[in-house]
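Asks: Sequence:
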Amino acid sequence: MALMQEKDRKAVREAFAGLNRPVEIVLFTSAESGEYSEVTHELLQEVVALNPLLSLRVFDLEQDQAYATELGVDKAPGIVFLIGEERKNHGLRFAGLPSGYEFASLIEAIRLAGGAAQPDLQPATMALLETIQAPMHLQVFVTPTCPYCPRAVVMAYRLALANPYISAEGIEVTEFPELGDRYAVMGVPKTVIDDLVHIEGAVPEGMMVSKLREAIAAAAA
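Residue 1058 in this note's numbering is what sits at position 166 of the sequence shown, and the numbering runs on without skipping anything.
One should not assume that every hint holds.
What the hints assert, rightly or not - Now the in silico label distances, taken between C-beta atoms and shown as ranges: (1) GLY1098 <-> GLU977: 21 to 27 angstroms; (2) GLY976 <-> ALA1026: 39 to 45 angstroms; (3) SER1102 <-> VAL931: 17 to 23 angstroms; (4) VAL950 <-> GLU1106: 22 to 28 angstroms; (5) GLU938 <-> THR961: 36 to 42 angstroms; (6) GLN937 <-> ARG979: 14 to 20 angstroms; (7) MET1099 <-> ARG901: 32 to 38 angstroms; (8) TYR1057 <-> THR961: 40 to 46 angstroms; (9) ARG1074 <-> PRO944: 37 to 43 angstroms; (10) GLU1022 <-> GLN897: 39 to 45 angstroms; (11) MET1099 <-> GLU924: 24 to 30 angstroms; (12) GLU1092 <-> TYR1057: 20 to 26 angstroms.
As the list claims (entries may be wrong) - Simulated crosslink set (SDA-like; lysine to any residue; CA at most 25 angstroms straight-line): (13) LYS899 <-> ARG1105; (14) LYS899 <-> ALA923; (15) LYS980 <-> LEU935; (16) LYS899 <-> SER922.
What the hints contain is simulated information worked out from the structure, not anything from laboratory work. The beta carbon of each residue, even a glycine, is placed where N, CA and C say it ideally should be.
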């Protein structure tokens, strides 16, 4: 039985209309993650069937650990979006099943990776990003029932797409409760920058710039 209804397929096809370069979606599954990996695989199969520029490859997190490490994946289900014919890894990732409101994060990640959407960041943001020349990792904790979470995930993806040193990962926290405990996730969305700076809520771009500056300063201290 299909996961997506026909009206959803139509909407996604329209969202993908502006794709102008290939996007390879890489999925890492594991036996331990069970149904989450199975449903994620089914969902991604349905999504990539909606546009010829999209493709899907599936790996096992344990058996293909070297490739997972190369792509920065340490969770299953784990999704990576590779860009263009050269399959460039720009650090756009999602951990967990992108269901509910997080389906929007999945679609927007594909649109960004495929050139149908642009980062469209403010000049002040771009100026700051030009100063970041060391790896920086953004974790955005979300749940499928949170309507504000996709905005926070997509903001992180836009930053990662604009700067190759930045990686951004949406994390469905109910599937990874140990991470929720580790980072004291009491509400979502919550963004953690390099384990140094914590951001509660889906904040405006200007506030995100301030938090990035704070993280840069903390890393240099």
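Asks: I'd like to know which numbered hints this structure contradicts. Please list them from smallest to largest.
Replies: 1, 2, 3, 4, 5, 8, 11, 13, 14 and 16
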